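Colleague: First to last, the sequence lines map onto chains A and B. Residue numbering for the first sequence follows this note's numbering, beginning at 1 and increasing consecutively. Residue numbering for the second sequence follows this note's numbering, beginning at 265 and increasing consecutively.
For the record, the hints were derived by calculation from the structure and aren't laboratory data. None of the values given here were measured: they were computed from a predicted structure. For each residue, glycine too, the CB sits at the ideal point set by N, CA and C. Take the hints with a grain of salt, since some may be wrong.
[Claimed, not checked] DEER-style ranges, computed between Cβ atoms: (1) A:P26 with B:F394: 53 to 61 angstroms; (2) A:Q55 with B:G356: 51 to 59 angstroms; (3) B:G270 with A:H8: 38 to 46 angstroms.
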Amino acid sequence: MNTLLTTHKSIQERLSDRGAKLSKIPWLKDGFAVDATPFSLGASFEYLLGLISIQEAAAQFAVETLEPQPGDKVLDMCAAPGGKTTQIAAWMKNKGILVAIDESRERLYALENNLERCCVECCLAYRGDANELGLGSFDRVILDAPCSGNYVTDLNWFKKRTLKNVIDNSERQKRLLLSAIRNLKHGGTLIYTTCSLEPEENEVNVDWLINENLVEIKPLTGPGSPGLTEVDGKRLSQELEKTRRFWPDETGTQGFYVMKAIRI
Amino acid sequence: MKQLEGFLKSIGVENFIIENTLVRINNKRFTVSSELQNAILRKDRLVYAGRLVGRTRNIWEPSSILLRELSKLPTTHKAWVDNAAAWLFVCGRDVFVERINRINPQLTEGMNYLVMMEEECLGYGRLQSFNEKLILINLFDLGDFLRREKWREE
């Protein structure tokens, strides 16, 4: 729900009047689950007017952990198609500087549409990567990294993915993580998320950051399970227990991983 | 900006003050606060900035953000339609004058009106006669958000 344009009460009443059944997701500030609807929410007036967006519950949790505030300077890396960007702008009440970047021009068109639809006015969106652009120092950075995905959102996942895919993604994610840290001020907040369940793309990458002494992990509470501290017989930092892993069978969401850290 | 001024005049808005700086990115025009303007470091890679005012796609089109703002002004020309006409309008259809419940200021051929569903602006159109019937010709509607995505996919 877009708090820039509506309220919980108003949107619940509007959609209920038209037969949709919503329930508040307890661990999300502005997130509702659609239990039943006689019409397509994605083609509703409410959607076109920017009052609502449709996003996986686990993905919304990333911005909850970022906790952006009005007046902050926030960097959203790999931002397209903009679900998290519009959510961040709502948390910021359209005040401050929100920079959204993505390397894909095609995907940025969708982000632009979402910014307009949701009446976001505090955003600068760029094509490129954060290293190359040199956009300065941010209070908060969120990196929802490109990843191997998971079987909940991709039925052919097991047919398409190979171990090499996972390793390649892991290397790319490390590069993006370094870039995120370079753009974060000391003491600033970093959120790293993927929709992958592969430890190589999640805990193993974060373990590397911890060993490089780049970040201090902050504990996350809420849904999901503690991150893994042992992978394929190899022991990782106990700090990883502070991160969260969304197993689809436990959380009823897609697979997801979230890490919150402070730059040292 | 002449196109914006022309559009504002066509829907009855006068003395509309744009407080912030205008920024042009490709075919789009934005307004940005001084805080955002100072934060623009790579204009060559910028694709979106601040508040979208409008775009040129063959002709000048106001953004939905601007229309929403203008719909709150008392002098803006507005036509309120019923639910069925509203649905057809966001599907890109024109509005028969019989489906207009209320109008501000009055029906005048050649005049532009924002199309309203209660307090919400769904787009705008121009009143024209066609085969001796008055029709509000659809010039922009919110369904454009979905159509843009579909065109991209194709």
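Colleague: Would you mind marking each hint as holding or not holding in the structure?
Modeller: Verification of the supplied hints:
1. Between P26 (chain A) and F394 (chain B), the C-beta spacing of about 54 angstroms keeps the proposed range 53 to 61 angstroms intact.
2. At about 27 angstroms, the beta-carbon gap between Q55 (chain A) and G356 (chain B) misses the expected band of 51 to 59 angstroms.
3. Between G270 (chain B) and H8 (chain A) the beta carbons are some 40 angstroms apart, a value that agrees with the proposed interval 38 to 46 angstroms.
Going through the hint list in order, the structure does not satisfy hint 2, though it satisfies all others.
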